[in-house]
Amino acid sequence: MQVLDYVSAGNVKEVVGLLTSNNGRARILCGGTDLLVQLRENRRRAELLIDVKNIPELNSINYDNQIGLLLGAAASCHAICHNPSVLENYPGLVDAIHLIGGVQIQYRASVGGNLFPTIIQPDSIPALIVHEAGCIIVGSNGTREIPVEQFCIAPGKNVLQNGEFLLAIKVPVVKENFGAHYLRFIPRNEMDIAVVGAGASVTLDKAKQRILSARIALGAVAPTPLFVEEAGVFLAGKEINEKNIREAARIAQAAARPISDLRGTDEYRKHLCAVLTRRALEKAIERARAS
Amino acid sequence: MNKKIRVQATINGEEFEFLCEPRQSLLEVLRETLGLTGAKEGCNNGNCGACNVILDGALVNSCLVLAVEIDGCNVTTIEGIATPQGLHPLQQKFIAHAALQCGFCTPGFIVASKALLDQIPNPSESEVRQWLAGNLCRCTGYDRIVRAVMDAAQSQEKTL
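Chains as they are written, first to last, in my numbering: chain A, 1 to 291; chain B, 1 to 160.
Since the hints were derived computationally from the structure, they do not count as laboratory data.
These figures come from a predicted structure and were not determined experimentally.
Warning: the hint list may mix true and false statements.
What the hints assert, rightly or not - Using 20 Å as the maximum straight-line C-alpha spacing, the simulated EDC-like pairs for lysine to aspartate or glutamate come out as follows:
#1 238(A) with 282(A)
#2 4(B) with 247(A)
#3 170(A) with 64(A)
#4 53(A) with 71(B)
#5 270(A) with 286(A)
#6 4(B) with 5(A)
#7 283(A) with 242(A)
#8 158(B) with 118(B)
#9 4(B) with 51(A)
#10 3(B) with 47(A)
#11 3(B) with 51(A)
#12 3(B) with 5(A)
#13 53(A) with 56(B)
Can you make the complete structure from the sequences, with help from the hints?
The following block contains the structure:
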């Protein structure tokens, strides 16, 4: 591990300054549950670690019924999953975030950090995609916002430019008759990495018989988390029935481009895509109906 | 000579001040600088839980925390669980149920179970198993550990 220096930054401006002046030699430290392991195994390098956990904007969880939810990039999974506003308004997000690691990891790991996957596909991203979440990125030229599905561009790579870092994740206010769910398949009961993960969200009409709009996203079946826009487009305006749900699941399955690895074969992953998408949709619909 | 940073923290109720390199984990400093060798290095990558400590009320893997991060914090290690009056009920029940064999994972399990009972004084079996999923034991098969924790919870309830 090459780390030579550590700074606990006090504000956003200081972080931008340190990132810019250290030109690629510095890394942001949130929970460190992924980064410290990678540094120790020489899979990543950093001479300076900039701890951002003590910056209020990065550590806060704010909900406003006009603006939506703002998750500071360093807010821990535990804090998010125990926040009353998050539990009340975003159960589909909690589904995914509470799956990240065991208790020890939950207390440290951040959802911001979960957006920086290397080999492992994160559980939070498909759930954030189906909630139409955005990444708020800050750099020397100010802030910019991009949809979560555009953040990762390749395994271990994202859109951040030199001097930029992830400030927060913004999740819009959920519409009326909205429901979402995320689930994954793992061989154990907990503490494992998804073989496949699937997130779905739906907005229903007033009578709750028809789908007005839907979003589906998959994890661990492509180089980056996969937003299957066409499955949502297919469901828009359709009646809620088994045939339509199965067709959306088939579209999601067709979009998946999994590889075979120690967690599962590509064929098995393809099979799981259809099953998990269907289950995610069914639960999302159940939640929308109960809302 | 690598840069060293001064850190002040409360560990098991006692004030500590030490110097550490930015790269050093809390686990490394606990064991090698402060002589608190109860927390064990198992995997050193956050999987096994043998190095568990309680950091400002949160259960953490001390291998995944940098020592410099604990400046101003409150840490409880396995050495802070028993009192001069005697063993903690969890420790007593681990003995009563023979919830250990080689004992390497035991400090982590006791600390994790302490954090659990601090949060959920009367957990269900499934809550115990879920909470302890981040602690690995290769000897016991977990059943005796779960029984010891459930029994400790019940005996704590009675004394309250």
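Quiz item: Between residue 283(A) and residue 242(A), is the straight-line Cα distance small enough, at 20 Å or below?
Solution: The hint holds at about 13 Å.
Exercise. For the pair we were handed, residue 4(B) and residue 51(A), check the Cα-Cα distance against 20 Å.
Key: 17 Å, holds
Quiz item: Is the straight-line distance between the alpha-carbon of residue 3(B) and that of residue 51(A) 20 Å or less?
Solution: 17 Å, holds
Quiz item: Would the pair residue 4(B) and residue 5(A) pass a check requiring their Cα atoms to be no farther apart than 20 Å?
Solution: Measuring from Cα to Cα gives roughly 9 Å; hence the hint holds.
Quiz item: Taken at face value, is the distance from the CA of residue 71(B) to the CA of residue 53(A) at most 20 Å?
Solution: 13 Å, holds
Quiz item: For the pair supplied as a hint, residue 53(A) and residue 56(B), is the alpha-carbon distance within the 20 Å limit?
Solution: It holds: about 14 Å lies between the C-alpha atoms, which stays within 20 Å.
Self-check item: Pair hint outcome, residue 3(B) versus residue 5(A) [Cα-Cα no greater than 20 Å]
Solution: 7 Å, holds
Quiz item: Are the Cα positions of residue 158(B) and residue 118(B) separated by 20 Å at most?
Solution: Answer holds: residue 158(B) to residue 118(B) is near 15 Å, not above 20 Å.
Quiz item: Taking only the CA atoms, is the gap from residue 170(A) to residue 64(A) under or equal to 20 Å?
Solution: 11 Å, holds
Exercise. Would you mind confirming whether the straight-line C-alpha gap from residue 238(A) to residue 282(A) stays at or under 20 Å?
Key: Satisfied, since the Cα-Cα distance of roughly 14 Å is no more than 20 Å.
Practice problem: Below or equal to 20 Å on CA atoms is what counts here, so check residue 4(B) against residue 247(A). | Solution: 60 Å, violated
Exercise. Assess, step by step, whether the Cα of residue 270(A) is no farther than 20 Å from the Cα of residue 286(A), and give holds or violated.
Key: The hint is violated at about 25 Å.
Hint compliance for this structure: hints 2 and 5 are not met, and every other hint is.
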